[in-house]
Amino acid sequence: MGQSDPNAIELMRQSLRELYGMQGSIWQQYLHFWLRLATGDLGPSLSAFPTPVSTIILRSLPWTIGLMTVSTLITFVLGNAIGALAGYYRKDMVLKAVSLVFIAMLPIPYYILAFVLLIVFGFIWPVLPINGGYEMNANLDLSFALVTDILKHSILPALSLILVGAGSWLIGMRALVSNIITDDYVVFAELGGVPKGKILRSYIARNAMVPQFTGLAMSLGAIFNGTVITEIVFGYPGIGNLLIEAVHAGDYSLVLGLSALSIVGVAAAVFIIDVLSPLIDPRIKVE
Amino acid sequence: EDYTSLPRKETLIVENPEGTIKNPGWFNIWVNGGGGVSTGLQQLTMDTLWYIDPEQGLGGAAWDNSLAADKPQYNADFTEMTVKLRKGLYWSDGVEFTADDVVYTVKTQMDHPGMVWSAAFSVQVASVEATDPQTVVFKLKKPNSRFHAIFTVRWNGAWIMPKHVFEKVEDPLRYDFANPVSLGAYKLKAYDPQGKWYTWEKRDDWQRTSLARFGEPAPKYVTYTDPGPPDKRTIAQLEHNLDIIHDNTPEGMFTLKEKSKTIDTWFPGFPFAHPDPTLPAVIFNTQEAPFDNADVRWALALLIDIKAVDMASYRGAATLSALGVPPTAATMKDYQAPMQDWLKDFEIDTGKSKIKPYDPTVGQQIADILRKQPKFKDQIPTDPEAISGAFGYGWWKPNPKAAGELLEKAGFKKSGGKWLTPDGQPFKIRMTVEGDTRSVFTRAGTLIAQQWAAFGIDAKAVPAAKLWQTALQPGDFQVAIAWSVETWGGDPDLSFFLDSWHSQFVAKKGDVQPPRNWQRWSNPELDKIIESIRGISADDPKGMELGKDYLKLVAKEMPTIPLMSYNVFTSMDTTYWTGYPTIKDPYTDPVPNWANSRLMMVKLKPAQPK
Amino acid sequence: MENLVEIQNLKAYYRAFLFGVDREVRAVDDISLTIGRGEVYGVAGESSSGKTTLIKTIAGAIRPPLRVVSGNVKFHFGGGTQDLYAMTPEERVALRWKHLSYIMQGSMNVLNPVRRIRHSFTDFAFRHMTVSRQIFFEKVAAHLQRLKLDPQLLDAYPHELSGGMRQRMTIALATILTPEFIIADEPTTALDVIVQRDVLTMIRDIQREMGSSFLFVTHDMGVHATVSDRIGIVYAGRLVEEAPTPKLFSLPLHPYTQHLVGSLPKIGDPTTRPSLEGRPPNLAMPPEGCRFHPRCPKRMDICSQKVPPMVTVAPERRVACFAVTGDQV
Amino acid sequence: MFTIIRDLSRHNMEFLCGLLLFAVIVGLVILSYFSPYGATDIYLLPPDMPPDGEYWLGTTSRGQDVFWQLTIGLRNTLYFGIGVAFLSRIISLVVGLVAGYAGGAVDRVLMAINDSVMVIPQFPLLILFYFVLKDNMTWMALIVIMASLGWSYDARLIRSVALGLKTRPFTTQSVYSGMTMRKILVEEHLPYVLPIVFATTMNNMIWSIGMEITLSVLGFTDIETPTMGMMIYWANAHSALISGIWWWVAAPVAVIVILFLALFLLSMSMNEYNDPRSRLNRMGS
Amino acid sequence: MLGRRLITAVKDVSFELGDEPEILSIVGESGSGKSTVAAMILGQTQPTEGELQFAGKTVAIHNRAERTAFMKEVQPVLQNPFEAFNPLKRVDRYLFETARNFSAGKRPDRREAEKMADTALHHVGLTLEEVKGRFPHELSGGQLQRVAIARALIPEPRLLVADEPVSMVDASLRMAIVNLFGRLKSELGLSIIYITHDLATAYYVSDNIIIMRKGEIVERGRARAVLDDPQHEYSRALKDAVLAADFSTVG
Ligand SMILES: Nc1ncnc2c1ncn2[C@@H]1O[C@H](COP(=O)(O)OP(=O)(O)OP(=O)(O)O)[C@@H](O)[C@H]1O
Ligand SMILES: Nc1ncnc2c1ncn2[C@@H]1O[C@H](COP(=O)(O)OP(=O)(O)OP(=O)(O)O)[C@@H](O)[C@H]1O
Ligand SMILES: [Mg+2]
Ligand SMILES: [Mg+2]
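Protein chains in written order, with our numbering: chain R, 1 to 287; chain V, 1001 to 1610; chain Z, 2001 to 2329; chain H, 3001 to 3285; chain D, 4001 to 4251.
For the record, the hints were derived by calculation from the structure and aren't laboratory data. Glycine included, C-beta positions come from ideal geometry on N, C-alpha and C. Treat the hints with caution; some may be incorrect.
A few chain D residues that don't get close to chain Z, going by computed Cβ distances all over 12 Å [stated by the list, open to error]:
id, residue
1, E4020
2, P4021
3, E4066
4, R4100
Below are the EDC-like pairs computed for lysine to aspartate or glutamate, each with C-alpha atoms no more than 20 Å apart in a straight line [to be verified]:
id, chain 1, residue 1, chain 2, residue 2
5, D, K4132, H, E3187
6, V, K1466, H, E3224
7, V, K1428, H, E3224
8, V, K1418, H, D3041
9, R, K152, V, D1499
10, V, K1428, H, D3222
11, Z, K2266, D, D4240
12, R, K196, Z, D2030
13, Z, K2266, D, E4049
14, V, K1552, V, D1349
15, V, K1428, H, D3115
16, V, K1460, H, E3014
17, V, K1307, H, D3041
18, Z, K2098, R, D141
19, V, K1466, H, D3222
20, V, K1009, R, E190
21, H, K3183, D, D4092
22, Z, K2266, D, E4164
23, Z, K2266, D, D4207
24, V, K1460, H, E3224
25, R, K96, H, E3014
26, D, K4089, H, E3187
27, V, K1542, V, D1077
28, R, K196, Z, E2046
29, V, K1460, H, E3187
30, V, K1189, R, E135
31, Z, K2266, D, D4092
32, H, K3166, D, E4083
In silico negatives: residues of chain H with every beta carbon more than 12 Å from chain V [unchecked claim]:
id, residue
33, L3016
34, C3017
35, A3102
36, Y3192
37, A3254
The task is simple: from the sequences and hints, build the whole structure.
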C-alpha cells in the first residue's frame, strides 16, 4: 500500500505473472498444472510465492492425519464395541441408554454439535482450549508438557468427531449383529453350547467386522470431509483450515494441490482395503 | 517456569488480523512469500526514513523523522531529493546502519522485479547514491513533489534492507530472511511453525534504534497471535489472554464493555471504535451503464436512509460522512467543519425541481436514537461538538420523490411498481459485499440493497470472498461496498490517494484497475485539480483549498456514495498494561497492525507489580 | 427296546404379531412319539408340514417367534432322566454335544466362515474334554480319518471345502464326542445323488458303531427307505402315521401315506402314477377335524368334525385316520 | 402406502415419534406462507427483543422476528433437501437398476463412475465448486451439484438388489413374456427397490441438509436466501451467542435437531420395515 | 480388481431333437453343465464355440426382433413355481403380456389376449376365471406351475426347456407336473427338454435321455433302454446311487 503509482503497479503485475508461470491461456496453465502434478510437483503457492505448495501442505498434514486418524479409530472401536454389545444383549438397559445417547447425536449436523461443544466448554464453562493445536508461546521441544498440551487441545475437536461418528458405527454394528445372530453358524454355535462371550467375539463380532472394516478404510479416506469443519471451528492447524484459507486467498494452485491430495488419500485408502481385506475375510483372495 | 515460557506480566499479547500465517518461516518483507507482515515484523523490526502518524504522534507532530535526520530536501523542480540520515543506529546483529543500506535497498529492488517496491522505484528513480555515510541523493526520472511518500510510513512504507545480509544471498527473491535482522527495538524470539503466533523480544541495545528517542519500550516481549474469529477473540480478552483486539463485531465490543471492567477503547463511551482514515462507500462501477450517469448515482444516494444503515451496520457506532474524505479527527477540523455551510446550501437539479439534499442534523438524530437505548444512555455525549466528532455532522436526507425524478430524467420508467432502464429492462443491481471478513460492510450492503429494492429496483447483495481481488481489480462488479479513499490520517494532504485518481490511470473496461479509484471514474475537472496538487509541495497550504475543490466536485458527481468512517473496534485490556492510545491521549492509532503502533511500546506501563 | 427320548403332546407355535397382523402358525400340534436307544427314527412329510419345527423343539432350539405351548420332551441320557423344558439354560448347555448333537438344516453353511475349521472343534467339543489340546486333536484326526476326511482340512477355511466335504465335516463335528442322540435336519439335501449316498452310508455306519440314537428329517422317501428303522409321517403339523420302514412302504395305512408311497416312480416300472390334487393346508388356519380331509379320497363326514386320534393298530404301528380305525374312539 | 403408514405408526414407536416431529416441521413450513414479514426484510422490528408474547421467539439483531424467519428458513432448507433427494433418487434408480440388470460392460462402466463419485471427498469438492462458480452458485446449481454427489451409495444399494432381482425367476418369466427392458425395470423391479428409495431419501435429506447448513454457516452460499444455516450465519456475524441473544441461535438449532430427528427416526423405522429379519427381532419372545 | 477365471462348464456337447414331438431328459451329477446347456438353448448364455441350430437355421440373436422370433419357438419352464411370478403383480399380467408380445400380425386387444390366455390355461387344466386378478400367493404351487406352463404355451412354441421343474415341489405335486408334460407332448405335439436329478421321473416320462458328467455327455439313447441297462460306468454308478424304496408295494 505504500506505492501508489499505478504505472509501477502495472509493471509489478507483469513481473509477478511471469514468476507465477501464469502466462498463456487458462488452458495452457491448466495443462501445465497437470504436467507438473504428474511429476509430483505441485508448484509454488500463489499466495505464499515462492514457497512450494507441497511444503505448505506437508506442514499442516501431520495435524490433520494425527487428529483424524486417532479420533476415527477411537470412534470405530467405541461405536462397534457398543454396537456389538447392544446388538447381542438386546435387553440390557444400560447399553440401550448409551446407544440412545450416541444415536441421538447422530443426525445433528456436525457443525452444530462442534459449535455447541465450543460454546459450552470454551465460554460457559471454560475448561478446555478452543483454539489451535497447542498453547501460544509453547516451547516446541518435545516434552511431556507439550504432549499433554497437544492432547488437551485435541480433546474438543476429537470429542466432537467421536460423538458424531460413533453413532453410525453403532447403528451399523447393531444391525449387523442382529442379522448375524440369526445366521446359521451362530445359531449352530449356540446350539453347540459354545460360551456366549466366545460367540460374541469369534462368531458375531468377527464376521461383522468384515463390512465394518471396509467402512473404516473408507472413512479414513474420507478424513478430508470431516477435517474442514472441525478445523475451522476449533482453529486446528491442519489442511482443512488451509483449504478454506486457500479458497479465500484465491490460491488456486494450493486449492488444486489439496484436492489432488484428498483424492490420492482416498485412492490410497481404497488400495489399503484391497490389500488388507483378505486378512479380515479369508473368503477374499487377492489375485 | 511454565513451558509456555514467557512471564505474562512482561508480555504484551496482540491480535494479528492476518490470521494464521500460511508460510510462517518467511520474513522477507520485500518479497511477498506468504509470510505475515502484521506479525510484529513491520511493527517492531522494520524502519524507514519517515513516519506520518494517523493520529497526533509523539514528539509534538504527526510527522516523524525516523531514520532520516530531517525532512526530505527537494530541488526547485522536484527532480532531486536529498536525505540526511541519523547517526548511531545499529542493526540487531551489531552492524551499523548507513546510507549504503538505503542505496542497496533501492538498487536491489530495481534490479529485481517481483520485489514489493521494485516497480515503484523503477518508474521514478533515475539514480541513487550515497554521497557520504549519512547522505543519500535520489535523482528522479520526472518531477515529483511527493516522492518521499514511498519512504513515509502511514500503514507501511518502503522498508530499508540490511545490505550486509542480503548482499550475501544469491537470489533475494527466494530468500526467506529467517532469523530476521532487525532495525527496530525488538528482535525475533520465537514463532509458531504453524503460523499462529510470533514473539519478539526487546533488544538489549534498544537505545541504538530510532524508537529510543521516545524512551524505553516497556514490554519485554510482544506476542502477535491469531486468536480466531470475533467470538473467540472476545472470549480470550474476557479471560485476559489477549491484550489488544484489533477489530471485533460491534456486538462483541458491546459485550466486552459490559462484561469486562478492564477494557479501554478509543472513545471511552459509545461508539468506542477508532475511525480509520479510510472511507467506506457505495462504489459504482462508473464504466457500466447506467452507473455512468451522475443522476442515477444521485438517485440511488437519495434512496438511502443513512440512519438505518448506521444502525444496521455499526448499530449506531459509526461516524458519518457526506463528504469524500474519512471523518478522522484531523479531517473533521480541516475539511468537514469548514464545509458545513457549503453543504447546507448545496443544490441539485432533479429535472423537475431543485432540492437541497443535505440534512445537517443526522448526527444529532442518531445520538438521540442511541440515547433511548438504556444500555448506552449515559455514554452518549450531549455536547454538539462531541456529537459531531463521534457520530458525524450530517448526511443526505432520503428523498424518494427526487430520486424518482432523477431516474426519470435519466430515461428510466416505472411500471407495475418496478423501475425499468431506458432500454426497457428491469433495473437490476447486484451489490458486491465482502462476506463475513468485514461483516459490518456486509450488513450495510444488504440493508442498502433492501432500501433500493423497496423502491422498485431489483437489488440484491452478493458476497464475494476476496472482494478486492475478484471484483474491484478486474472491474467485475456493478456496485460494491468498499473504500476507495484513504488518507494519511494525521495530515491534510490528500495526494496520498488522489494522485492515482487521475484519468491517466483508469483502466479500460474489462482490464485490471490499479488498486485505487475502484469506481474507474475519469473527469477532466478532477484531472486539473490533481495536476495542480502535483505542482506544489506537500506542506503548501494551497493543497487544502484544492482538496476542498475535490470534495465539492465529488459531491456533485457522486462517483461513490461516502457513508461513514471505517470504525475499527479495537479494545485494549488494562489487566497487564496501561497507557494505550485513546481519544484522551491520541498519540497514535490503537489498531495494532499499523507500523505506527510501535509508539505504543514506549507509552505502555506495566499494570501489575513485578 | 429301551426308550431314549419321550415326547408327549408337544405343541409349538409360531406367533407372528406384526404391524397389525396377528398370526399363529401351529407348526407342531400335539405330537407324541418315542425313540429307542440305538434307533434311527425318520420323519417324512411334505414341505412346510412342520418337520423342522418338530426337530427344533426336540433339540431345544427355540427362539422367537417359535414358542413351545405345551407338552414335554424327556431324555434318558446316562441312565438319568432329563426334562428339556424344565431345565436351566446351564443344564441344557451342559447336555449339548456331549449327549445331544443337532445338525441343522442347511448344514453346509453352519461353520464360521472367517475361522479355520480347527477352531470350531475347539469351541464345540474341547470344553467337554479333560485331555490336553494335543491329545484332543489326535482324537479329532482319528475321527476324521474314519469319516474319510483328511485331517489337514482342519486348517482350511470352510469355503475352501466342497459342499459335500463341509457337510461331512459338520457331521464329524456333531459326532466327535459320541453323543447318545443325534438330530439331523435334511442332512443330504442339495447333494449330488452319489455324494448323498456316501454321506448316508457314513451316518448309518457311525451310528451303528457308536450305538447312538438318530432322529432325522427328509422329504425324500428314498433316503428314508435306506436309513430309517422307523418312520413318522407328518402332515400339517400332526403326526399321522408311524411304522417300521418296511411295513410303511409295503402297507401304508393313512391315505396320505398311501399316496406318498404310491406316487413314487421307479426305474424299471413304467406304469402311470396318480397325482394328488389340492393344496397343503395353511397352518395358520388349518381345516377343522382331520387336516387331510379336503384332499382325502376316503373322506367321511366325521373327518371334518373330529380330529382323528393316534391309535396303535399293530405293534409299533400307529395311525390317525377314521377310515382305518373307525370312529369308535 | 397409506396402510403401511398406518400400520407403522400403530406398531412402531420410532415411526410414530418421527411422524409427529415431522408434522411439526411441516406445520412450520405451512405457517411460513402466512408470514407477516417478507423473507428478506430486515430492520423492521426492534432488534434483540427476547422471546415474549409479541415475539414468540424474540427478534434478531437485524430486526427480524425469529419465529417467522425460522418458518421461512425451514421451508427453504426443506425444499432444498427435497430437491436434492428427488434428483439424486432419479440418478441412483436409473444407474442402480440399469447396472444391475444389464450387467457386463454397462455395469462395469456405471460402477466405475459410481465408485469414483462415492470416494470423492465431498466437502472440499463443494468448496472447490464455490471457488470456481462464485456468484453463479445459485440454489439450483447447488441442488444439482449435491444431487450429482449424493446418489452413488444408494445406486450401489439399488444395484445389489437389482442384481438379485435379475436372477429371480420371475425376471426370466418377464423376459420370455416379451417385455422390454424398460418395462421390466419400471414395472417389475422398481416396486422392490421403492422401500429402499424411501428410506434412503431420508438419509439423503439428512446428508444434503447437513451440508447446506454447514456451507451456509461458513458463508459459502447465497446470503440473502434465509435458510437454517443462514440464520446461524447471521447470528454468528452479530456475535449473538456471546452478546446474549441466545434465542437467535437456539431456535434454529432446536428446529434443526427436530428436523433431523424426524428424518432419522423415519428412515430408521423404514429400514427396519424393509428388513424382515429386524422385524422379527422387534417381537421379543 | 479380482481376477477372472475361465470355467469350462460344458464342452463338446451335441445332440438333436427330431421333428417328432419328444421328451428329452438330461440327467447327471451336480455341476455337470445341465443348466448351462439349458441356458444356451434358451439363448441366455452364448456358447464360446459351436452353434445352435433351430429348424435347420443357425440361431443368431442380434436384436430384439430376432430375440422375439426365437422366444416364440422356444420357451422355458422354471424350477420353482413359487418364485416364477413377481409376488407384487397379478399372475394374469404375464399371460396377457405374452399374448400381446408374441402374436403375429397386429397386437391383440384385451379381449383377444384374454381368449388366448384362456385357451392356454385350458391345456393345463385351468381356466382364466380361476386365475384372473389373483396374486401368486393366492394360488397353490401346482396351480402356479401350471399357469407358468400355460404362459409358455401362448406363443405356441415348438420346444419347452424345463430345468428341474419339480425339484422344489412336493412329492404330491411332482407327479401332477410330470404327468402334464406327457399330456402336452401328446396333445399339442410339443417337444420338451426335461432336466432333472431324479432318474425315476426321467425314466417315467421321457422318450430319450442324455447322461452328463463334467460337461460331457457320457451316454445317450432311449430313456428306458439306457436306464434299464446303463452302459457307461458313470451311468451305472448313478443308477446304483438312486435310493429306491424297494419294498414290494401293496395297493
Ligand atoms: N420363523 C417363522 N415364523 C413364522 N412361521 C414360520 C417360521 N418358520 C417356519 N414357519 C412356518 O411353520 C410351518 C412349518 O415350517 P417348517 O420349517 O417346520 O416346515 P418343514 O416341514 O421343515 O418344511 P421344509 O421341508 O420346507 O423344510 C410353515 O408353515 C412355515 O411357514
Ligand atoms: N455364472 C457362472 N460363473 C461361473 N461358473 C459357473 C456359472 N454358472 C455355472 N458355472 C459352472 O459351470 C459348471 C456347470 O454348471 P451348471 O449350473 O450348468 O450345472 P448343473 O448340471 O445344472 O448343476 P445342478 O445339478 O447343480 O443344477 C459348474 O461347474 C458351475 O460351477
Ligand atoms: Mg425343514
Ligand atoms: Mg442346474
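Here's how the hints hold up against the structure:
1. E4020: The claim holds: E4020/D sits with its nearest Cβ about 19 Å from chain Z, beyond 12 Å.
2. P4021: Answer for P4021/D: holds, closest chain Z Cβ roughly 18 Å.
3. E4066: Since the minimum Cβ distance to chain Z is about 37 Å, E4066/D lies beyond 12 Å and the statement holds.
4. R4100: holds, 30 Å
5. K4132/D - E3187/H: holds, 19 Å
6. K1466/V - E3224/H: Status holds; Cα separation ~19 Å.
7. K1428/V - E3224/H: Holds - the C-alpha atoms of E3224/H and K1428/V are around 15 Å apart, at most 20 Å.
8. K1418/V - D3041/H: holds, 17 Å
9. K152/R - D1499/V: The given pair, whose Cα atoms are some 54 Å apart, is violated under the 20 Å limit.
10. K1428/V - D3222/H: holds, 17 Å
11. K2266/Z - D4240/D: holds, 13 Å
12. K196/R - D2030/Z: Roughly 33 Å separates the two Cα atoms, so the pair is violated.
13. K2266/Z - E4049/D: It is violated: about 38 Å lies between the C-alpha atoms, which goes past 20 Å.
14. K1552/V - D1349/V: holds, 16 Å
15. K1428/V - D3115/H: violated, 43 Å
16. K1460/V - E3014/H: violated, 43 Å
17. K1307/V - D3041/H: holds, 17 Å
18. K2098/Z - D141/R: With a Cα-Cα distance of about 64 Å, the restraint between K2098/Z and D141/R is violated, given a limit of 20 Å.
19. K1466/V - D3222/H: Holds, because 16 Å separates the two Cα atoms, which is no more than 20 Å.
20. K1009/V - E190/R: Not satisfied, since the Cα-Cα distance of roughly 70 Å exceeds 20 Å.
21. K3183/H - D4092/D: holds, 16 Å
22. K2266/Z - E4164/D: Holds: K2266/Z and E4164/D sit about 18 Å apart, inside 20 Å.
23. K2266/Z - D4207/D: holds, 16 Å
24. K1460/V - E3224/H: holds, 8 Å
25. K96/R - E3014/H: holds, 14 Å
26. K4089/D - E3187/H: Roughly 9 Å separates the two Cα atoms, so the pair holds.
27. K1542/V - D1077/V: holds, 18 Å
28. K196/R - E2046/Z: violated, 36 Å
29. K1460/V - E3187/H: violated, 48 Å
30. K1189/V - E135/R: holds, 16 Å
31. K2266/Z - D4092/D: violated, 36 Å
32. K3166/H - E4083/D: Judged against 20 Å, a Cα distance of about 12 Å means the pair holds.
33. L3016: The assertion about L3016/H holds, with a minimum of 39 Å to chain V.
34. C3017: Its Cβ never comes within 12 Å of chain V, the nearest being 34 Å, so this holds.
35. A3102: holds, 45 Å
36. Y3192: Correct as stated: the minimum Cβ-Cβ distance to chain V is 46 Å, above 12 Å.
37. A3254: holds, 20 Å
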